[in-house]
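S.K.: Sequence:
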Amino acid sequence: MNPRQRITLFVVALSQLMLILDGTIVTVALPGIQEELGFSPGGLSWVMNAYMLAFGGLLLLGGRAGDILGRRRALMAGVLIFTLASLLGGFAPGPEAMIASRVLQGVGGALAGPAGMALITGNFPEGPLRNRAIAVFTSVGAAGAAIGLLAGGVLTDLVSWRWVMFVNVPIGLAILALTPLFVRETARVPGRFDLAGAVTATTGSSSLVYGLVRASEQGWNDGWALVSLIGGSLLLSLFVLVERRASQPVLPLHLLAERSRVAGYATMLLIPAAMIGMFFFLTQFVQLQLGYSPLQAGLAFLPLALTILTVSQLAGRILRVVKPQTAAVAGMLLIPAGHVWLSKLDATTSYFPGIFVPLVIMGVGIAGALVVMSMRIINGVPGEDAGAASGLLQAMQQIGGSLGLAVLVTVYSSVGLEATFLTAAGFSVLSLVIVTTLRPRAAVAEPKEGMIVHL
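Its first residue numbered -14, the sequence shown is counted upward by one per residue in my numbering.
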(Lines of atoms letter the chains of each structure in order from A and count residues from 1; the text may use other names and numbers.)
(Lines give C-alpha, C1' and ligand atoms only; values in the text may rest on other atoms or scores of the structure.)
Protein backbone atom coordinates (compact mmCIF):
# COMPACT_ATOMS: atom_id res chain seq x y z
CA MET A 1 0.00 0.00 0.00
CA ASN A 2 1.61 3.26 -1.14
CA PRO A 3 1.54 6.49 0.94
CA ARG A 4 -1.36 7.98 -1.03
CA GLN A 5 -3.46 4.86 -0.51
CA ARG A 6 -2.66 4.90 3.20
CA ILE A 7 -4.00 8.44 3.49
CA THR A 8 -7.05 7.52 1.39
CA LEU A 9 -7.79 4.64 3.74
CA PHE A 10 -7.22 6.87 6.77
CA VAL A 11 -9.74 9.42 5.46
CA VAL A 12 -12.55 6.94 4.68
CA ALA A 13 -11.94 4.99 7.90
CA LEU A 14 -11.98 8.21 9.93
CA SER A 15 -15.31 9.18 8.40
CA GLN A 16 -16.72 5.75 9.31
CA LEU A 17 -15.41 6.04 12.86
CA MET A 18 -17.03 9.45 13.29
CA LEU A 19 -20.42 8.15 12.14
CA ILE A 20 -20.41 4.93 14.17
CA LEU A 21 -19.12 6.29 17.46
CA ASP A 22 -21.79 8.99 17.37
CA GLY A 23 -24.36 6.27 17.92
CA THR A 24 -22.94 5.65 21.41
CA ILE A 25 -20.82 8.67 22.35
CA VAL A 26 -23.83 10.50 23.78
CA THR A 27 -24.92 7.52 25.91
CA VAL A 28 -22.87 8.42 28.97
CA ALA A 29 -23.63 12.12 28.45
CA LEU A 30 -27.42 11.69 28.64
CA PRO A 31 -27.76 12.64 32.35
CA GLY A 32 -25.93 15.93 31.74
CA ILE A 33 -27.97 16.64 28.61
CA GLN A 34 -31.21 15.99 30.48
CA GLU A 35 -30.26 18.24 33.39
CA GLU A 36 -29.04 21.20 31.34
CA LEU A 37 -31.54 21.15 28.46
CA GLY A 38 -34.61 20.13 30.45
CA PHE A 39 -35.51 16.90 28.66
CA SER A 40 -38.35 14.81 30.06
CA PRO A 41 -37.41 11.16 30.77
CA GLY A 42 -39.38 10.03 27.73
CA GLY A 43 -38.03 12.75 25.49
CA LEU A 44 -34.42 12.01 26.42
CA SER A 45 -34.44 8.72 24.52
CA TRP A 46 -34.88 10.68 21.30
CA VAL A 47 -31.36 12.03 21.61
CA MET A 48 -30.40 8.48 20.62
CA ASN A 49 -33.43 7.52 18.56
CA ALA A 50 -33.48 10.56 16.28
CA TYR A 51 -30.01 9.70 14.99
CA MET A 52 -30.80 6.00 14.57
CA LEU A 53 -34.05 6.73 12.76
CA ALA A 54 -32.65 9.19 10.22
CA PHE A 55 -29.44 7.23 9.67
CA GLY A 56 -31.08 3.82 9.32
CA GLY A 57 -34.03 5.07 7.28
CA LEU A 58 -31.97 6.87 4.63
CA LEU A 59 -29.04 4.49 4.10
CA LEU A 60 -30.43 2.73 1.02
CA LEU A 61 -31.17 6.07 -0.62
CA GLY A 62 -27.82 7.48 0.46
CA GLY A 63 -25.97 4.54 -1.04
CA ARG A 64 -27.62 4.94 -4.43
CA ALA A 65 -27.14 8.70 -4.31
CA GLY A 66 -23.40 8.10 -4.16
CA ASP A 67 -23.54 5.85 -7.22
CA ILE A 68 -25.36 8.47 -9.28
CA LEU A 69 -23.88 11.73 -7.97
CA GLY A 70 -20.36 10.49 -7.28
CA ARG A 71 -19.17 8.82 -4.09
CA ARG A 72 -16.53 11.37 -3.19
CA ARG A 73 -19.09 14.11 -3.65
CA ALA A 74 -21.59 12.19 -1.49
CA LEU A 75 -18.95 11.61 1.19
CA MET A 76 -18.06 15.28 1.38
CA ALA A 77 -21.69 16.42 1.35
CA GLY A 78 -22.55 13.97 4.11
CA VAL A 79 -19.56 14.93 6.25
CA LEU A 80 -20.35 18.63 5.79
CA ILE A 81 -23.97 18.12 6.92
CA PHE A 82 -22.80 15.97 9.83
CA THR A 83 -20.20 18.54 10.93
CA LEU A 84 -22.62 21.47 10.83
CA ALA A 85 -25.23 19.40 12.70
CA SER A 86 -22.66 18.57 15.38
CA LEU A 87 -21.89 22.26 15.81
CA LEU A 88 -25.61 22.96 16.17
CA GLY A 89 -25.94 20.19 18.75
CA GLY A 90 -23.02 21.48 20.77
CA PHE A 91 -24.64 24.89 21.06
CA ALA A 92 -28.19 23.53 21.47
CA PRO A 93 -30.17 25.73 23.88
CA GLY A 94 -33.00 23.26 24.36
CA PRO A 95 -34.45 19.84 23.51
CA GLU A 96 -35.83 20.82 20.09
CA ALA A 97 -32.49 22.04 18.77
CA MET A 98 -30.70 18.97 20.11
CA ILE A 99 -33.12 16.54 18.46
CA ALA A 100 -32.98 18.52 15.19
CA SER A 101 -29.18 18.30 15.23
CA ARG A 102 -29.34 14.55 15.75
CA VAL A 103 -31.72 14.14 12.80
CA LEU A 104 -29.35 16.16 10.60
CA GLN A 105 -26.43 14.07 11.79
CA GLY A 106 -28.35 10.99 10.68
CA VAL A 107 -29.00 12.53 7.24
CA GLY A 108 -25.31 13.33 6.83
CA GLY A 109 -24.33 9.87 8.03
CA ALA A 110 -26.66 8.18 5.54
CA LEU A 111 -24.88 9.99 2.70
CA ALA A 112 -21.33 9.61 3.96
CA GLY A 113 -21.43 6.05 5.33
CA PRO A 114 -22.15 4.06 2.13
CA ALA A 115 -19.96 6.41 0.10
CA GLY A 116 -16.96 5.73 2.33
CA MET A 117 -17.06 1.97 1.84
CA ALA A 118 -17.89 2.28 -1.86
CA LEU A 119 -14.84 4.53 -2.36
CA ILE A 120 -12.67 1.62 -1.28
CA THR A 121 -13.75 -0.26 -4.41
CA GLY A 122 -12.68 2.66 -6.59
CA ASN A 123 -9.38 3.38 -4.86
CA PHE A 124 -8.09 -0.14 -4.16
CA PRO A 125 -7.88 -2.90 -6.80
CA GLU A 126 -9.72 -6.11 -5.97
CA GLY A 127 -7.46 -8.61 -4.28
CA PRO A 128 -5.18 -8.53 -1.21
CA LEU A 129 -4.91 -4.74 -1.19
CA ARG A 130 -8.66 -4.20 -1.17
CA ASN A 131 -9.15 -6.96 1.38
CA ARG A 132 -6.75 -5.18 3.70
CA ALA A 133 -8.59 -1.88 3.20
CA ILE A 134 -11.96 -3.53 3.87
CA ALA A 135 -10.53 -5.12 7.02
CA VAL A 136 -9.39 -1.75 8.36
CA PHE A 137 -12.68 -0.05 7.43
CA THR A 138 -14.75 -2.84 9.00
CA SER A 139 -12.69 -3.00 12.17
CA VAL A 140 -13.01 0.75 12.72
CA GLY A 141 -16.77 0.45 12.32
CA ALA A 142 -17.00 -2.59 14.60
CA ALA A 143 -14.87 -0.95 17.30
CA GLY A 144 -16.58 2.43 16.90
CA ALA A 145 -19.38 1.75 19.37
CA ALA A 146 -16.90 0.85 22.12
CA ILE A 147 -14.68 3.81 21.24
CA GLY A 148 -17.77 6.05 21.41
CA LEU A 149 -18.48 4.95 24.98
CA LEU A 150 -14.85 5.62 25.93
CA ALA A 151 -14.76 9.02 24.21
CA GLY A 152 -18.11 10.00 25.72
CA GLY A 153 -16.92 9.12 29.20
CA VAL A 154 -13.66 11.06 28.82
CA LEU A 155 -15.29 14.19 27.38
CA THR A 156 -18.22 14.19 29.83
CA ASP A 157 -16.03 13.69 32.87
CA LEU A 158 -13.18 16.02 31.93
CA VAL A 159 -14.86 18.81 29.97
CA SER A 160 -18.62 18.92 29.28
CA TRP A 161 -21.32 16.89 27.62
CA ARG A 162 -21.34 19.49 24.82
CA TRP A 163 -17.97 18.19 23.66
CA VAL A 164 -19.47 14.87 22.62
CA MET A 165 -20.92 16.98 19.80
CA PHE A 166 -18.10 19.51 19.32
CA VAL A 167 -15.49 16.76 18.92
CA ASN A 168 -16.93 15.95 15.48
CA VAL A 169 -16.17 19.44 14.14
CA PRO A 170 -12.35 19.20 13.85
CA ILE A 171 -12.66 15.61 12.62
CA GLY A 172 -15.15 16.62 9.94
CA LEU A 173 -13.03 19.58 8.83
CA ALA A 174 -9.97 17.33 8.52
CA ILE A 175 -11.92 14.88 6.34
CA LEU A 176 -13.21 17.71 4.15
CA ALA A 177 -9.69 19.07 3.71
CA LEU A 178 -8.01 15.74 2.90
CA THR A 179 -10.67 14.11 0.71
CA PRO A 180 -10.19 16.24 -2.46
CA LEU A 181 -6.41 15.76 -2.23
CA PHE A 182 -6.15 12.03 -1.64
CA VAL A 183 -9.44 10.28 -2.43
CA ARG A 184 -10.04 9.57 -6.11
CA GLU A 185 -13.59 10.04 -7.35
CA THR A 186 -15.27 6.98 -8.80
CA ALA A 187 -17.19 6.87 -12.06
CA ARG A 188 -20.74 8.14 -11.81
CA VAL A 189 -23.65 5.98 -12.91
CA PRO A 190 -25.58 7.87 -15.59
CA GLY A 191 -29.30 8.23 -15.06
CA ARG A 192 -31.69 9.50 -12.44
CA PHE A 193 -33.14 8.39 -9.16
CA ASP A 194 -35.75 5.69 -8.91
CA LEU A 195 -38.29 7.92 -7.15
CA ALA A 196 -40.79 5.18 -6.26
CA GLY A 197 -37.99 2.99 -4.92
CA ALA A 198 -36.49 5.88 -2.95
CA VAL A 199 -39.84 6.72 -1.30
CA THR A 200 -40.75 3.13 -0.40
CA ALA A 201 -37.21 2.33 0.82
CA THR A 202 -36.98 5.44 2.99
CA THR A 203 -40.46 5.28 4.47
CA GLY A 204 -40.33 1.51 4.90
CA SER A 205 -36.92 1.51 6.60
CA SER A 206 -37.80 4.49 8.79
CA SER A 207 -41.11 2.95 9.82
CA LEU A 208 -39.46 -0.36 10.66
CA VAL A 209 -36.70 1.27 12.72
CA TYR A 210 -39.24 3.48 14.51
CA GLY A 211 -41.42 0.49 15.33
CA LEU A 212 -38.46 -1.38 16.78
CA VAL A 213 -37.32 1.64 18.77
CA ARG A 214 -40.82 2.18 20.15
CA ALA A 215 -41.23 -1.52 20.97
CA SER A 216 -38.00 -1.39 23.00
CA GLU A 217 -39.46 1.49 25.04
CA GLN A 218 -43.20 0.76 25.22
CA GLY A 219 -43.38 -3.01 24.66
CA TRP A 220 -44.49 -5.13 21.73
CA ASN A 221 -48.18 -4.62 22.45
CA ASP A 222 -47.91 -0.86 21.92
CA GLY A 223 -50.30 0.19 19.15
CA TRP A 224 -47.95 2.62 17.40
CA ALA A 225 -45.10 0.12 17.51
CA LEU A 226 -47.27 -2.56 15.86
CA VAL A 227 -48.61 -0.15 13.23
CA SER A 228 -45.09 1.00 12.40
CA LEU A 229 -43.71 -2.53 12.20
CA ILE A 230 -46.53 -3.80 10.01
CA GLY A 231 -46.49 -0.67 7.86
CA GLY A 232 -42.70 -0.82 7.47
CA SER A 233 -42.81 -4.49 6.49
CA LEU A 234 -45.54 -3.83 3.89
CA LEU A 235 -43.66 -0.85 2.46
CA LEU A 236 -40.43 -2.83 2.17
CA SER A 237 -42.35 -5.63 0.44
CA LEU A 238 -43.71 -3.03 -1.98
CA PHE A 239 -40.16 -1.72 -2.38
CA VAL A 240 -39.00 -5.14 -3.59
CA LEU A 241 -41.82 -5.24 -6.15
CA VAL A 242 -40.95 -1.73 -7.35
CA GLU A 243 -37.27 -2.61 -7.68
CA ARG A 244 -38.03 -5.65 -9.83
CA ARG A 245 -39.48 -3.34 -12.49
CA ALA A 246 -37.25 -0.27 -12.11
CA SER A 247 -34.72 0.43 -14.86
CA GLN A 248 -32.27 1.96 -12.34
CA PRO A 249 -33.31 0.61 -8.94
CA VAL A 250 -32.22 2.01 -5.60
CA LEU A 251 -31.30 -1.57 -4.70
CA PRO A 252 -30.35 -3.75 -7.69
CA LEU A 253 -31.83 -7.11 -6.74
CA HIS A 254 -29.11 -9.03 -8.55
CA LEU A 255 -26.93 -8.19 -5.54
CA LEU A 256 -28.97 -10.81 -3.67
CA ALA A 257 -28.62 -13.48 -6.36
CA GLU A 258 -25.41 -14.84 -4.80
CA ARG A 259 -26.31 -16.91 -1.75
CA SER A 260 -23.03 -16.26 0.08
CA ARG A 261 -23.66 -12.51 -0.19
CA VAL A 262 -27.14 -13.05 1.28
CA ALA A 263 -25.44 -14.83 4.18
CA GLY A 264 -23.15 -11.81 4.55
CA TYR A 265 -26.09 -9.44 4.78
CA ALA A 266 -27.81 -11.73 7.30
CA THR A 267 -24.66 -11.61 9.42
CA MET A 268 -24.68 -7.82 9.29
CA LEU A 269 -28.22 -7.93 10.66
CA LEU A 270 -27.76 -10.56 13.39
CA ILE A 271 -24.31 -9.79 14.84
CA PRO A 272 -25.23 -6.13 15.64
CA ALA A 273 -28.51 -7.45 17.09
CA ALA A 274 -26.43 -9.61 19.43
CA MET A 275 -23.84 -6.96 20.28
CA ILE A 276 -26.25 -4.12 21.10
CA GLY A 277 -27.39 -5.95 24.23
CA MET A 278 -23.82 -6.32 25.42
CA PHE A 279 -23.21 -2.57 25.09
CA PHE A 280 -26.57 -1.55 26.54
CA PHE A 281 -26.75 -3.85 29.54
CA LEU A 282 -23.05 -4.10 30.33
CA THR A 283 -22.77 -0.29 30.47
CA GLN A 284 -25.51 -0.25 33.10
CA PHE A 285 -23.99 -3.17 35.01
CA VAL A 286 -20.53 -1.63 35.46
CA GLN A 287 -22.04 1.69 36.55
CA LEU A 288 -24.81 0.41 38.83
CA GLN A 289 -23.23 -2.80 40.19
CA LEU A 290 -19.53 -1.99 40.10
CA GLY A 291 -19.96 1.73 40.79
CA TYR A 292 -17.97 2.91 37.77
CA SER A 293 -17.98 6.56 36.71
CA PRO A 294 -18.80 7.41 33.07
CA LEU A 295 -15.06 7.55 32.33
CA GLN A 296 -14.44 4.18 33.97
CA ALA A 297 -17.42 2.68 32.14
CA GLY A 298 -15.96 3.82 28.84
CA LEU A 299 -12.53 2.42 29.73
CA ALA A 300 -14.15 -0.91 30.57
CA PHE A 301 -14.81 -1.46 26.85
CA LEU A 302 -11.26 -0.63 25.78
CA PRO A 303 -10.18 -4.31 25.63
CA LEU A 304 -12.99 -5.00 23.15
CA ALA A 305 -12.02 -2.12 20.85
CA LEU A 306 -8.30 -2.90 20.98
CA THR A 307 -8.89 -6.59 20.28
CA ILE A 308 -11.09 -5.84 17.25
CA LEU A 309 -8.56 -3.39 15.82
CA THR A 310 -5.59 -5.69 16.43
CA VAL A 311 -7.15 -8.84 15.00
CA SER A 312 -8.50 -6.96 11.99
CA GLN A 313 -5.02 -5.62 11.24
CA LEU A 314 -3.84 -9.24 11.12
CA ALA A 315 -6.73 -10.36 8.91
CA GLY A 316 -4.66 -10.41 5.72
CA ARG A 317 -2.04 -12.69 7.24
CA ILE A 318 -4.66 -14.91 8.87
CA LEU A 319 -6.52 -15.41 5.59
CA ARG A 320 -3.32 -16.59 3.92
CA VAL A 321 -3.28 -19.67 6.14
CA VAL A 322 -6.96 -20.01 7.16
CA LYS A 323 -9.88 -20.26 4.75
CA PRO A 324 -12.25 -17.28 4.99
CA GLN A 325 -15.20 -19.57 5.73
CA THR A 326 -13.26 -21.15 8.59
CA ALA A 327 -12.32 -17.74 10.01
CA ALA A 328 -15.95 -16.56 9.83
CA VAL A 329 -17.31 -19.71 11.51
CA ALA A 330 -14.68 -19.52 14.25
CA GLY A 331 -15.63 -15.91 14.89
CA MET A 332 -19.31 -16.75 15.08
CA LEU A 333 -18.54 -19.42 17.68
CA LEU A 334 -16.56 -17.02 19.86
CA ILE A 335 -19.26 -14.31 19.94
CA PRO A 336 -21.95 -16.49 21.60
CA ALA A 337 -19.27 -17.97 23.87
CA GLY A 338 -18.63 -14.47 25.21
CA HIS A 339 -22.34 -13.86 25.68
CA VAL A 340 -22.78 -17.13 27.58
CA TRP A 341 -19.92 -16.09 29.88
CA LEU A 342 -21.58 -12.71 30.49
CA SER A 343 -24.89 -14.42 31.28
CA LYS A 344 -23.30 -15.43 34.61
CA LEU A 345 -22.92 -11.82 35.78
CA ASP A 346 -24.08 -11.23 39.34
CA ALA A 347 -23.31 -9.08 42.37
CA THR A 348 -20.08 -11.01 43.04
CA THR A 349 -18.64 -10.55 39.52
CA SER A 350 -15.36 -8.66 39.25
CA TYR A 351 -14.15 -6.87 36.14
CA PHE A 352 -11.29 -9.34 35.68
CA PRO A 353 -11.89 -12.01 34.56
CA GLY A 354 -15.71 -11.78 34.61
CA ILE A 355 -15.98 -8.96 32.06
CA PHE A 356 -12.50 -8.47 30.63
CA VAL A 357 -12.07 -12.02 29.29
CA PRO A 358 -15.45 -12.32 27.49
CA LEU A 359 -14.90 -8.89 25.92
CA VAL A 360 -11.58 -10.09 24.47
CA ILE A 361 -13.15 -13.35 23.28
CA MET A 362 -15.96 -11.46 21.55
CA GLY A 363 -13.50 -8.95 20.08
CA VAL A 364 -11.65 -11.76 18.31
CA GLY A 365 -14.95 -13.22 17.10
CA ILE A 366 -16.37 -9.91 15.85
CA ALA A 367 -13.21 -9.12 13.91
CA GLY A 368 -13.08 -12.53 12.29
CA ALA A 369 -16.75 -12.68 11.37
CA LEU A 370 -17.41 -9.14 10.19
CA VAL A 371 -14.20 -8.69 8.20
CA VAL A 372 -14.83 -11.86 6.19
CA MET A 373 -18.53 -11.07 5.72
CA SER A 374 -17.74 -7.52 4.55
CA MET A 375 -15.33 -8.92 1.96
CA ARG A 376 -17.96 -11.42 0.89
CA ILE A 377 -20.49 -8.63 0.33
CA ILE A 378 -18.22 -6.15 -1.46
CA ASN A 379 -15.96 -8.37 -3.59
CA GLY A 380 -17.47 -9.16 -6.95
CA VAL A 381 -19.97 -6.29 -6.88
CA PRO A 382 -20.05 -4.32 -10.16
CA GLY A 383 -18.48 -0.90 -9.73
CA GLU A 384 -21.70 0.92 -10.56
CA ASP A 385 -23.52 -0.85 -7.71
CA ALA A 386 -20.90 -0.47 -4.97
CA GLY A 387 -22.79 2.35 -3.25
CA ALA A 388 -26.04 0.41 -3.22
CA ALA A 389 -24.29 -2.68 -1.84
CA SER A 390 -22.61 -0.60 0.88
CA GLY A 391 -25.86 1.16 1.74
CA LEU A 392 -27.67 -2.15 2.22
CA LEU A 393 -24.80 -3.46 4.37
CA GLN A 394 -25.01 -0.51 6.74
CA ALA A 395 -28.82 -0.53 6.70
CA MET A 396 -28.71 -4.14 7.88
CA GLN A 397 -26.43 -3.11 10.74
CA GLN A 398 -28.73 -0.29 11.84
CA ILE A 399 -31.91 -2.36 11.59
CA GLY A 400 -30.15 -5.24 13.37
CA GLY A 401 -29.16 -2.99 16.26
CA SER A 402 -32.71 -1.69 16.61
CA LEU A 403 -34.18 -5.20 16.36
CA GLY A 404 -31.75 -6.57 18.92
CA LEU A 405 -32.42 -3.80 21.42
CA ALA A 406 -36.20 -4.19 21.10
CA VAL A 407 -36.04 -7.95 21.63
CA LEU A 408 -33.44 -7.91 24.40
CA VAL A 409 -35.13 -5.17 26.43
CA THR A 410 -38.32 -7.22 26.31
CA VAL A 411 -36.47 -10.36 27.44
CA TYR A 412 -34.76 -8.45 30.23
CA SER A 413 -38.00 -7.01 31.59
CA SER A 414 -39.71 -10.41 31.43
CA VAL A 415 -37.04 -12.91 32.44
CA GLY A 416 -33.84 -11.17 33.55
CA LEU A 417 -30.22 -10.48 32.66
CA GLU A 418 -29.07 -14.08 32.24
CA ALA A 419 -31.77 -14.84 29.66
CA THR A 420 -30.97 -11.55 27.90
CA PHE A 421 -27.36 -12.50 27.22
CA LEU A 422 -28.38 -16.02 26.23
CA THR A 423 -30.87 -14.57 23.74
CA ALA A 424 -28.08 -12.39 22.33
CA ALA A 425 -26.00 -15.54 21.97
CA GLY A 426 -28.90 -17.03 20.03
CA PHE A 427 -28.70 -14.26 17.43
CA SER A 428 -25.06 -15.16 16.80
CA VAL A 429 -25.84 -18.87 16.61
CA LEU A 430 -28.56 -18.17 14.04
CA SER A 431 -26.03 -16.20 12.01
CA LEU A 432 -23.66 -19.17 12.20
CA VAL A 433 -26.36 -21.52 10.91
CA ILE A 434 -27.07 -19.22 7.94
CA VAL A 435 -23.40 -18.81 7.05
CA THR A 436 -22.71 -22.55 7.17
CA THR A 437 -25.85 -23.27 5.15
CA LEU A 438 -25.32 -20.61 2.47
CA ARG A 439 -21.69 -21.41 1.82
CA PRO A 440 -19.84 -19.90 -1.14
CA ARG A 441 -19.88 -22.13 -4.19
CA ALA A 442 -16.16 -21.54 -4.58
CA ALA A 443 -13.82 -19.88 -2.14
CA VAL A 444 -10.16 -18.99 -2.15
CA ALA A 445 -8.10 -17.86 0.79
CA GLU A 446 -6.32 -15.03 -0.98
CA PRO A 447 -7.83 -13.71 -4.23
CA LYS A 448 -5.51 -12.56 -6.94
CA GLU A 449 -5.55 -8.94 -7.93
CA GLY A 450 -8.15 -8.26 -10.59
CA MET A 451 -10.14 -11.46 -9.99
CA ILE A 452 -13.83 -11.22 -9.17
CA VAL A 453 -14.47 -13.71 -6.41
CA HIS A 454 -16.84 -14.20 -3.54
CA LEU A 455 -15.23 -14.81 -0.20
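Don't take each hint at face value.
[What the hints assert, rightly or not] Derived SDA-like pairs (lysine to any residue); straight-line CA-CA distance at most 20 Å:
| hint | residue 1 | residue 2 |
| --- | --- | --- |
| 1 | 329 | 407 |
| 2 | 329 | 314 |
| 3 | 329 | 273 |
| 4 | 329 | 274 |
These are computed hints drawn from the structure, not numbers from a lab.
Bear in mind the structure is a predicted one, so any value in this text is a computation, not a measurement.
S.K.: It remains to establish, for every hint, whether it holds in the given structure.
M.R.: The hints, checked one at a time:
1. 329 / 407: Between residue 329 and residue 407 the Cα gap is close to 10 Å, so the pair holds against 20 Å.
2. 329 / 314: Violated. Residue 329 to residue 314 sits at ~24 Å, over the 20 Å cutoff.
3. 329 / 273: Roughly 16 Å separates the two Cα atoms, so the pair holds.
4. 329 / 274: 14 Å, holds
This entry does not satisfy hint 2, going by the numbered hints stated previously; all others are met.
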